[in-house]
Amino acid sequence: MTLKPVIEANPMTLKPLKKLLLIALLTALPAAALAASYVTDKLEVTLRTGPGLDYRIVTMLKAGQRLEVLGDGDGWTNVRTAGKEGWLVSRFISEGVPLLPQLAAAKAELGKAVEAEKAQGRKRRTAKRAEKSQLGA
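FYI, the numbering for the sequence shown is 13 to 149, going by our numbering.
Hint data in this document are derived by calculation from the structure and do not stem from the laboratory.
These figures come from a predicted structure and were not determined experimentally.
It is possible that some hints are incorrect.
Once the Cα atoms are required to be at most 27 Å apart in a straight line, the calculated DSSO-like pairs of lysine-lysine come out as [as the list claims (entries may be wrong)]: (1) K124 - K74; (2) K140 - K130; (3) K74 - K96; (4) K130 - K144; (5) K119 - K130; (6) K124 - K135.
Produce the complete structure using the sequences and hints provided.
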């Protein structure tokens, strides 16, 4: 018995397959590269000794850190936080609490609520078992 190849080495048959393979590779590679990278949400900004990039860094401030505004001018704001005073680029200051600390608080609250509900469920099951055992006795 002689086996015949499924695809013969005919240039007319291979051209569409080569094109299809090339198109698949070209569309898959950029999509894979784009889906793998994100901007981090762990923002830190510099608190400096003066209003400009030439001034020394006092410390790094994390997103959500509370500030006391002392004054501002020309894109920089003079602030005090955690006992340190310095200048911060004004666009990094928000009037409201940033979303990350709000999300962390909401997750903690949800976790407490879930644990409380589990405890209530355990109490109900224990009470039902006790009731069944009294009825059966």
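A quick look at each hint next to the structure:
Of the pairs offered as hints, the one joining K124 and K74 holds, with about 26 Å between alpha carbons and a cut-off of 27 Å not exceeded. Distance restraint check for K140 and K130: the Cα-Cα separation of roughly 15 Å lies within the 27 Å cut-off, and the hinted pair is therefore satisfied. Note on K74 and K96: the hinted pairing holds, with a Cα-Cα distance of about 14 Å set against a maximum of 27 Å. The suggested pairing of K130 with K144 holds, with an alpha-carbon distance near 21 Å, which does not exceed 27 Å.
Restraint check for K119 and K130: the C-alpha separation of about 16 Å stays at or below 27 Å, so the hint holds. Among the hinted pairs, K124 with K135 is consistent with the structure: their alpha-carbon atoms are about 17 Å apart, no more than 27 Å.
Going through the hint list in order, the structure satisfies each hint without exception.
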